[in-house]
Every structure is written in structure tokens, then in C-alpha cells.
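Use the sequences and the hints to build the structure in full.
For the protein sequence lines, the chains are A and B, in the order given.
Position one of the first sequence corresponds to residue 4 (the numbering used here), numbered consecutively onward.
Position one of the second sequence corresponds to residue 1230 (the numbering used here), numbered consecutively onward.
Be aware that one or more of the hints could be misleading.
To be verified - As a list, the in silico DSSO-like pairs of lysine-lysine whose alpha-carbon atoms are at most 27 Å apart:
(1) K1471/B <-> K204/A
(2) K217/A <-> K234/A
(3) K1235/B <-> K203/A
(4) K1235/B <-> K204/A
(5) K130/A <-> K234/A
(6) K319/A <-> K233/A
(7) K206/A <-> K1421/B
(8) K220/A <-> K233/A
(9) K1415/B <-> K1471/B
(10) K1235/B <-> K206/A
(11) K350/A <-> K302/A
(12) K277/A <-> K349/A
(13) K203/A <-> K1421/B
(14) K1421/B <-> K1463/B
(15) K217/A <-> K206/A
(16) K302/A <-> K358/A
(17) K191/A <-> K234/A
(18) K195/A <-> K206/A
If you are wondering where the hints come from, they were derived from the structure by calculation, not from laboratory data.
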Amino acid sequence: MAEKVLMKGNEAIGEAAVVAGCRHYFGYPITPQTELTEYMSRRMPQVDGTFLQAESEIAAINMVYGASGAGARVMTSSSSPGISLKMEGISYAAGAQLPCVIVNMMRGGPGLGSIQPSQSDYFQATKGGGHGDYRLIVLAPNSVQELVDMTILAFDLADEYRNPVMILGDGALGQMMEPIVFPVIDKKPIEKPWAAVGMKKRKTPNIINSLFLKPEKLEEHNQVLQANYKKITAEQVRFEKVLTDDADLILVAYGITSRIARTAIDIVRSEGYKVGLFRPISLWPFPSAPLQELGQSAKAFLTLELSAGQLVEDVKLAVNGVRPVHFYGRTGGMIMSPKEVAEQIKKVLSFEGGK
Amino acid sequence: MTVVFKRPESLLDVPFHYCPGCHHGIIHRLVAEIIDELGVRENTIGVAPVGCSVLAYDYFNVDMLEAAHGRAPAVATGVKRVHPDSVVFTYQGDGDLAAIGCAEIIHAAARGENFTTIFVNNAIYGMTGGQMAPTTLIDQVTTTSPYGRSLQNTGHPIHVCELLSTIESAVYVARVAVNNPANMTKAKAAIKTAFQHQLNGDGFAIVEVLSTCPTNWGMAPLKANKWLEDNMMKVFPLGVYKSLEVKKDVK
Ligand SMILES: Cc1ncc(C[n+]2csc(CCOP(=O)(O)OP(=O)(O)O)c2C)c(N)n1
Ligand code: SF4
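Written out as C-alpha cells, the structure reads:
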């Protein structure tokens, strides 16, 4: 049985990728995810893999495009400004239906922002970022163990649906050290008969492409993509509910914020407030239905994020006006404390009724 | 009956969309002939650009990837790192390679990536309708240099071969033209050498091919050929800019 090891979040992602069979990594340094790039530079040669420090994030994601198109399990990682640069390639990869894993350890923005933790790329990750009607599968771990498990899951989902998958973390998660266990994988990698590997004895060439000059063809292609998104939405919604059964107020938070929320809940519960947590794990597909369902028992929602308010829009859409949705956020790399959240909880409950 | 001339197997039997007199078609054919002659068709992976040759994947009878504008060298890098034993080439225009993708080509060359780039320089953006390229000549009129390319405003054209030949890991850098049969023969030889370097595992090789764009130059094909000879060849002299014989220790 695999043993417990103590590892930093960013490095744990790297090792999880190795466990998942990823042998190609293309990246470019940026705080606060550089340890992952550095880890891969040490690790990839040990497993006969490729580590390449690209000249830019644009080049890195296009190397990913090439490697994925050629049939490999491949990963890149960056933080906010670097992910902005990758958006061109991400749109192309989504358009060409190329499986790959992209890690974004978010930092404060806009612009150069800061190197402190943030969750302000939620829109970019879940609503597009690049051009065109496309979606990424977006997973939001909240512990180092989940960074490991979801990185491995990300490679499987990418291959299964032929779609890029993003691991959306934040600087704090990447820097955090926790004890983890690496699972043992015995799954066979799936076949990729569509990949550009050289024709060998095949009769017709394999083409990796997102260009459809005829409007009918492009619409057809978009319909194929949308059907895939619909399938993903039906099959891959992930979330966690904590103490929601009797809750008057439901906190909604993902990633590091969900852990702060969890501590805040313990604080206020000890004072008799009935508060629970809903944690979206797949940010896309967003767990709208289970969240909406909670609106039947709870009086109100409070969305917590390290941003000026992005996740809150999806929460409002899910709740659809049936219950009030409040918002509390910090920006600029400021992390909310559990005490701060507890105060917000009491404020909302004194307004909405509860306890 | 012996067949003396036929369509290369590496070229699919479909009509090109290129304008009459455009050199893209000739260059495609030369690349396909080389792939045939080297017997590597079933092991070749091509990367198409954004530009008039964006549909190159419809013409070559090999596996191909369509890259974003200028990114073909990065895409080819990814492909080659996954399949080091395959034969990988990029086919790129001057807007693609010398403008938006300038960093990608320089760094692929600097890394000594073991693939081959066919660089088609027609001194203009063909596909988008004749705008100024980094290779547009001084005083050349384009839709975005309607008074002629101004040295003061936009500087000199970029000389890609001269630039890349200063990069140590580029093993073969040549500029050719396909304006007449003699030059076509030389162009073919250069393309073959570039591919052979790849087969030897030597590193990065590029062949720049001077090319016409009769449509956007606003000239009949023969006049366009003449304009290429009289003007482009002066600014972009033909020749082998770099040729390393020995295999380096790349990996
Ligand atoms: C990111 C991006 N920018 C701009 C374009 C528009 N565009 C398409 S082709 C082209 C110029 C291509 O010129 P060149 O590479 O010289 O090839 P040619 O058409 O002359 O063969 C441009 C600017 C694009 N498709 N993508
Ligand atoms: S526009 Fe110019 S480069 Fe494009 S196909 Fe026509 S002649 Fe060739």
C-alpha cells in the first residue's frame, strides 16, 4: 500500500501527473506555481519524459497542442497573467478537441497584480477567456490530497471527453504542505486513433484542426462540441455538502475559501447558528441543480470568494431568485479569516433571520 | 509503359485553391516529391500555418495539425518531442513566421529542434488581402502601406535567413526561389537537404522560398515573376546561409 508523504501542493501536482502517465510538460515560470515547473524539470527526465521550458506561455500551450495532437498525455501550468497568454492556445485546443491538463494557480489581478493568492480568474476559466463557444472542464481542489486526486482525474476526463481540463487552484494551495497518499493506477491508457502520429498503414491522413471555412460545417462542429458539453454536464458535476441539512444559511465557496468557510462554520455553530457549506468542486460544469435544491430548505446563501464577485453570478443563476444570495469577497491577495467570515455570517443571518 | 512523371504520392488528388501564378502550389509539390523520394510519407507529420496555405492539410497525404497564426514551430516542437523518430515539418508564410510567430521560430531554431521549416516569403499578407508584411520591401505598396512601405515609419524588412543563420543550433539555412526550372531544381535540392538533416538528427533546418502573390501584388503571373526577380531577389539574395555537415550532440 502506498505510504503517506508530506508534499507541497505545486510539487504534488507534478508527481500526480507522473502517476497519471503524463510524460510531457511544457511551461514557463511564474509565481506562485514555479515549484511545479521546477519539479517537472527534475522529474520528467527520470521517467523518460519531456520537460521543456518554453520561450513564453503562448509557445508552451502550443507545444501542448502539438503533443496532445500527437497522442500524448501532456500538461502545462501557469498563474493568472500566464494563463491569459495561454488563452489563444486553449481556444484552439478546445476547437480541435485536444485533451490536455492546464493548471492555473491564481494570483491577484488584473494586470500584473500581485503574487498573492486569488480567485479572480473564475470568469476566465469557466466562461471562456479565449474566443469562441467552448468550455473547459474546471476542477477546484481544496487540499493537497485533492490536488493529487484531481490532477489524475483531470487526465482521465480530458481523454474521455477529448477536452482540455483546468485545475483551478490559488497561490495558497500551491504553497501549502500536507500529508498525502498517491494512488496506484492500473488503468490502461485509452486509444487515440484520431491522433497525428504518421499514417503508418492508415489510408487517410489524420488532421488535427479547428478550421471550418464553410458556415454549415462550422455550425455542425459547434454542435458536436455543444453535445459533448451537454454530456459532460450530465455526467461530471461534482460538489460537496457539509452540514447543510438543518442550515438556515448556506455558504458557497470553492478551493481555499471553502476551508476558511468550514472553520467559520464551526465557530458559529458553537454559538448556535445553523450554517452549512456547499462547495462546487467542478466549477464547470457548475453544480446548479444541487445548489438550487438547497434553496428549498435554507433561507439564504452567502457566497465567499477571493475576488470582487464572480462565482456569485453562477450561484445567483442557480438559485434563480428563489432565495437571497449575499456576497463577501476579498481581493488583491488578501485572504479572509474564519473570524471575518463568522462576522459576515452573523450579519447576513441578523438580516435574513436565523438562529 | 513506364511512367516518367506523376503526382507524388504525398500529394492528394485534389485541386489547389491557390490563385493562378501563385508559387504555393509549386512549393507544395516540391515538398511532396521530397517526402516521396525519402520514403518517409507514412512517418511524416506536417504542421500547417495560418495564411493562404492554411489548407495545406487538405493537400498533403500525411498526418497534419493546423496551428494558430505563427505558432507552427511550437506545435511542431510538441509533436517532435512525442515522436522523435517521425519526420516533422512546418509550412509557413512570412506574416505567420516573421511577424506574429517571430519568437516561436527563433526559439525553435535556438533549441535546435529537429524539424524542417518551409518558409514561403511573398513579401505580403496574401490571405487577408495584401497587407504589409515584415518582409514587404521599402516603397512596396500594400493595402496598409498605401503610400509605399516607409523606412521611417516601419523600418527595414526582416531577413529571416540572415537572422536565423546567426543561431548556433540552426544547421541548415537556405533561401531559394521557384521562378524558373533551374531554380526549382535548386529549391528541391535545398528542401531535400533540409529534410535529410532532420533524418540525420542534426537539428533545425529552414528553407526560405521566395514566392509570388500575383493577386495582391496586382500583377499578371509573368509580371509577378519578373517583379520577384527584379526586386525581391535584390533584397533577399538566394543562397545557402548556413550549412553544417556534422551531426552535433543535440540530445
Ligand atoms: C491571431 C491571428 N491574427 C490574424 C489573423 C489573420 N490572418 C490570416 S492570414 C494572415 C496573413 C498571412 O500572411 P502570410 O503568413 O504571409 O501568408 P500568405 O497568405 O501570404 O501565404 C493574417 C494576418 C489570424 N488568422 N490570426
Ligand atoms: S492571395 Fe497571393 S499568396 Fe494567396 S493564393 Fe493568391 S496569389 Fe497565392
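Going through the hints against the structure:
1. K1471/B <-> K204/A: Violated: K1471/B and K204/A sit about 36 Å apart, past 27 Å.
2. K217/A <-> K234/A: 26 Å, holds
3. K1235/B <-> K203/A: 22 Å, holds
4. K1235/B <-> K204/A: 22 Å, holds
5. K130/A <-> K234/A: Distance ~17 Å between K130/A and K234/A Cα, so the pair holds.
6. K319/A <-> K233/A: Holds, at about 21 Å.
7. K206/A <-> K1421/B: Distance ~25 Å between K206/A and K1421/B Cα, so the pair holds.
8. K220/A <-> K233/A: The given pair, whose Cα atoms are some 20 Å apart, holds under the 27 Å limit.
9. K1415/B <-> K1471/B: 15 Å, holds
10. K1235/B <-> K206/A: 19 Å, holds
11. K350/A <-> K302/A: 14 Å, holds
12. K277/A <-> K349/A: 10 Å, holds
13. K203/A <-> K1421/B: 21 Å, holds
14. K1421/B <-> K1463/B: 25 Å, holds
15. K217/A <-> K206/A: Distance of about 25 Å is within 27 Å: holds.
16. K302/A <-> K358/A: OK: K302/A and K358/A at ~11 Å, within 27 Å.
17. K191/A <-> K234/A: 23 Å, holds
18. K195/A <-> K206/A: With a Cα-Cα distance of about 16 Å, the restraint between K195/A and K206/A holds, given a limit of 27 Å.
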